[in-house]
Structure formats: structure tokens, C-alpha cells
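Using the sequences plus the hints, can you model the full thing?
Number of protein chains: 2
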Amino acid sequence: MILAVVVTGAWPASAQKQLTAQQVIDKIKAQISAPVNPDTVDTFKAGDPNTPVTGIVTTFLDTYEVLQEAVSAGANLIITHEPTFYNHRDETGFLKGDPVFEQKMGYIREHHLVIWRFHDQWHWRKPDGIIEGFTDAVGWGKYRRPYEQNAFTLPPTTVGQLAADLRAKLNSRVIRIVGDPLLRVTDVAYLPGASGEDNELKELERDDVQVLVAGESREWETVEYVRDAAAQGKRKALILLGHEVSEEPGMEYCARWLRPLFPGIPVTFIPAGEPFQRVPR
Amino acid sequence: MILAVVVTGAWPASAQKQLTAQQVIDKIKAQISAPVNPDTVDTFKAGDPNTPVTGIVTTFLDTYEVLQEAVSAGANLIITHEPTFYNHRDETGFLKGDPVFEQKMGYIREHHLVIWRFHDQWHWRKPDGIIEGFTDAVGWGKYRRPYEQNAFTLPPTTVGQLAADLRAKLNSRVIRIVGDPLLRVTDVAYLPGASGEDNELKELERDDVQVLVAGESREWETVEYVRDAAAQGKRKALILLGHEVSEEPGMEYCARWLRPLFPGIPVTFIPAGEPFQRVPR
Numbered sequence: 066m067i068l069a070v071v072v073t074g075a076w077p078a079s080a081q082k083q084l085t086a087q088q089v090i091d092k093i094k095a096q097i098s099a100p101v102n103p104d105t106v107d108t109f110k111a112g113d114p115n116t117p118v119t120g121i122v123t124t125f126l127d128t129y130e131v132l133q134e135a136v137s138a139g140a141n142l143i144i145t146h147e148p149t150f151y152n153h154r155d156e157t158g159f160l161k162g163d164p165v166f167e168q169k170m171g172y173i174r175e176h177h178l179v180i181w182r183f184h185d186q187w188h189w190r191k192p193d194g195i196i197e198g199f200t201d202a203v204g205w206g207k208y209r210r211p212y213e214q215n216a217f218t219l220p221p222t223t224v225g226q227l228a229a230d231l232r233a234k235l236n237s238r239v240i241r242i243v244g245d246p247l248l249r250v251t252d253v254a255y256l257p258g259a260s261g262e263d264n265e266l267k268e269l270e271r272d273d274v275q276v277l278v279a280g281e282s283r284e285w286e287t288v289e290y291v292r293d294a295a296a297q298g299k300r301k302a303l304i305l306l307g308h309e310v311s312e313e314p315g316m317e318y319c320a321r322w323l324r325p326l327f328p329g330i331p332v333t334f335i336p337a338g339e340p341f342q343r344v345p346r
Numbered sequence: 066m067i068l069a070v071v072v073t074g075a076w077p078a079s080a081q082k083q084l085t086a087q088q089v090i091d092k093i094k095a096q097i098s099a100p101v102n103p104d105t106v107d108t109f110k111a112g113d114p115n116t117p118v119t120g121i122v123t124t125f126l127d128t129y130e131v132l133q134e135a136v137s138a139g140a141n142l143i144i145t146h147e148p149t150f151y152n153h154r155d156e157t158g159f160l161k162g163d164p165v166f167e168q169k170m171g172y173i174r175e176h177h178l179v180i181w182r183f184h185d186q187w188h189w190r191k192p193d194g195i196i197e198g199f200t201d202a203v204g205w206g207k208y209r210r211p212y213e214q215n216a217f218t219l220p221p222t223t224v225g226q227l228a229a230d231l232r233a234k235l236n237s238r239v240i241r242i243v244g245d246p247l248l249r250v251t252d253v254a255y256l257p258g259a260s261g262e263d264n265e266l267k268e269l270e271r272d273d274v275q276v277l278v279a280g281e282s283r284e285w286e287t288v289e290y291v292r293d294a295a296a297q298g299k300r301k302a303l304i305l306l307g308h309e310v311s312e313e314p315g316m317e318y319c320a321r322w323l324r325p326l327f328p329g330i331p332v333t334f335i336p337a338g339e340p341f342q343r344v345p346r
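Protein chains in written order, with my numbering: chain A, 66 to 346; chain B, 66 to 346.
A few of these clues could be false.
Just so you know, same-sequence chains aren't split out, so a pair can sit in one copy or run between any two.
Derived pair list, reagent style DSBU-like, types lysine-lysine, alpha-carbon separation capped at 30 Å [what the hints assert, rightly or not]:
1. 299 <-> 161
2. 299 <-> 110
3. 299 <-> 191
4. 267 <-> 161
5. 234 <-> 161
6. 110 <-> 94
7. 267 <-> 191
8. 110 <-> 267
Note that these hints are calculated values from the structure, not bench results.
So, in C-alpha cells, the structure goes:
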């Protein structure tokens, strides 16, 4: 009980360096008013929560390379938006003996890293931390509609120009368009990551949305819905940024949000980067 | 009962034109020895199975444009590998009132089309019809390993060259690579469509597979597994063709396979085509 009081009270920077991973995470959770779903995936995935924190890293997904960079930077608490072990629940039973999993887990143990996932609460935060980071990164804050966090009225453009603009701003290699690149649009909805068909169709069915900008989408679902909509002459299009490209800025924003909370601990954003390469010419 | 006898017996071509959609499908099913899963998705999705068949169309997915081309060609039985209504089970309840769904359903009704899905049994056929079509289309028959339908030992190449070769042969706009495009490879596994992480990892964990060629894959699962494997120096890579690109040749092969079964009925392959456009330069 005494610890809890100390953590939430004022604390000199020198002493704050000794916070454990558990204490850091408790303090983060206390900043977000949304109720915690008991089934949340926002849990420790590896390492000892009682480890004193030397530095915090935020990232879209703690790839093997991100972990190596964190170690180089002297940080030992990794806050990752997406899973460490290649499935939403970070189940590891089916990966026992798999050489990629075993080497990653071995690296985490050897370097005494602590991994915590910050997915649900970062999305449920008001405003959604991922949407805020994306909006900042693409400079759409001034185009946001009143009372709608993820809908924007842009200066008139085409779907193709919009995609090219996003590619430049987000430094992406692979963006895919469904529908007519020449379609003129102004009303855009953004859904980060893999939102699922129900959410995607809810946006696309709106009369005041012509183009949905999303992360990834199953190719036999919303992708084909939009293809049919376009073939029917409806003014609808879909831009798939890729999951990482659509969400990574939200974890850069997370680092900016964390720094004032932990003035005595270095907080570093390490981008996972886009997983895809294009086919060489 | 008499009808059944007639259908499976010899029948002059002129009379065969009067087969109903149900009779055509019964005859197709009778060609495949694999047992039918009672939960199969291979069912009629729209139209009256008692409709006399004027022509058969095969396609990867019966998009709105494919339906229009089928009508132009005078065909009324559409055999589609993937769903008509944007979800695996072709459920339509959640789409009631949706303008894209309503217009597609209206078009099907207006033109008295009959839609049947040929997914499970075409895959369960020995050999898998989709894998056969792909192998033909890319010319890998001579490289196939004995007793392994989807594993090939190619002349040495790099991942990037292999992807470029597949792009040319399959006439694709968007292919994505995970891992090092310069990795030298010879052992390739192919998994059509969206096979799921379990199947994908089973291939990638093999010592005699360096590169998996697949349709689509969730970006927080196998995609990140391969990225980590490559970062660990393991000789693994993933080429994502896209769902349509990976499976469409299997439905062209389906048309070739159907023609001798129904000599009196025109059988036409209509490609759905790749749903994605690249971002304009």
C-alpha cells in the first residue's frame, strides 16, 4: 500500500529510476479512465514485472530487431502495441520447440527484458491514442469533423493522390487501393489496424464517407465489397496502408505521452518498420 | 429417381443442354471422391437450382463485373471459388438493406442466375484443383517433389527474382515480400488463399523449405514470424501473391476440367482479376 501511494505521488527523478516494470504499468493504467475489460490482452508477455526499469521503449510490434535496438539503447521495459509471439493472445504452447520462438524468448530472458502489451487501453483511451498519433503524422487535425474522431473532410483530391500523399507522409513501400484511383473524394474515414468487416462496412455504408483508409482487411470480405461497390458506380474506395503503417505513428505518440509521466526514465520510440518489401524491378 | 439415372448415364449433347443447375452440380460432386463435410460451404448461394443451364462460368470470385460478363456470355450457372456476399459463409442477414448487397442480389434475380460455390471439394479433390491450376500457370510441374503436391525444388534463384518471375507469369500488380529479397533459395512451398498460421508455420518450420508462396496472411501472425526468422539469420522468406492471384489459375483449370464432363454446355472461365491497384507514381 505504501508503494502505491509513493508511485502516484510526487517523486524525485533520481528515485523514480528505481520504479519496477509493474509500477510503471500501474501508473500508465491509472491515466486511462476507460474501464479495463477483464479479458484484455494488455498484460505482461515475458520477463519479471519486479525488474527495475532502466528505460522504456514503445513500438508498434516488438520484433526481434526492435528488441536488439532496445538492448543497445539500455532500455529493458518494452511497451508493444501488437503481439510478441505471432498471435493475438500471445499463446506460446503451439510454438514450443519452434526455432524462431525459442530464439526470441531466449533473447528476452538473456537480456532480462520485460514485455508489456498496450493495445486495448490505448485504443479505448479517449481520444484513442493510435488515432491521435496517425492524425498528427498525416497532418489531418485541422480537417477532423466535429465530434468524430476518425472522420475527416479533406480538400478535394483523388483516391490515387490521397494514397500517394499518405505514402509520402508515412514513408511506406506498399499501399494498395481498391476502387478507382481517379475517383474524386473529400470525405475520409480512418480505421487503424485490422478492424474487421463489421466496422469497415459501417464506415463505407455512410453517405458522407467515400474512402476508407485502413490497415489490413481480409481479401474475401471488405476488399470485394468495395470492388463491387465501385463496379456498381458507387463512389466508394478503400486504401490499405498495411497494419504497421496504419498504427505505428500511434506508438510514437505513446512515447511523447509517456515522457512527462516518467521524467526520470528515458522513453524511446523504436519503429518496427514496414514488414513488406516490394518486388524488385 | 428417373432423372438421376438419366443424368449419370450417357446423354446426347442436345439433350444435355437441358440439364438443371442441380443436375450439373450433382454430376460435378460425383467426380470427387473425397467425403463431403456436412458443414461444407459448397452450396447454392442464390438462384433456383431447377433452372435449366444455358452456360457455365467458373471464376475465383463472382464479383459484380463477373456476373455482368456471364450475362453477356449467355451463361446462367456461376461456379465461384470464393463467397458472393463478402463473408465465408455467405451470410446475408447483416447485409439486409446494404446498397451494394441489394444491387448485387437484385442483379442475380433479374437475370435468373444460379450461384454455386466450389471451394472445399475442389481443394479436397486429389489432386487439389487449385494447386494443379497454379502449378500449370507458373510452369512448376517439372520441379514438383515426389509425393508432395505443394512443394517444389526450383533451379537456384533469389526471393526477389522468384517474386518477379511470379509477377510476370501471373500478371500481378501487387506482390509483397517478407524477408531478404536477395536470399538465395531453391526449396519452395505454396499454400493457396488464406491457409491460416498453423498451416503456414508447418511449412516454414521445415528445413527443406526456404520460401513460402501464399495468398494472404494476417499481418500480426506469419508475416511477423518470418520477419523475426530473417532477423535471426534464418534462411526463411514469405511471398504474398494476394488471395486472388494465388487461386485464380485453379478456377481456369476448373473450366478445363469441366468441359469434357458437359460437352453440350459452353463452359467459360471469367477471371475476377486482382482487386488491388498500386499507388500511381
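Do the hints match the structure? See the list:
no., hint, verdict
1, 299 <-> 161, "between (49 Å within a copy, 18 Å between copies)"
2, 299 <-> 110, "between (45 Å within a copy, 24 Å between copies)"
3, 299 <-> 191, "neither (33 Å within a copy, 42 Å between copies)"
4, 267 <-> 161, "between (40 Å within a copy, 13 Å between copies)"
5, 234 <-> 161, "neither (40 Å within a copy, 38 Å between copies)"
6, 110 <-> 94, "within (16 Å within a copy, 48 Å between copies)"
7, 267 <-> 191, "within (21 Å within a copy, 41 Å between copies)"
8, 110 <-> 267, "between (33 Å within a copy, 24 Å between copies)"
Checked against the numbered hints above, the structure breaks hints 3 and 5 and satisfies the rest.
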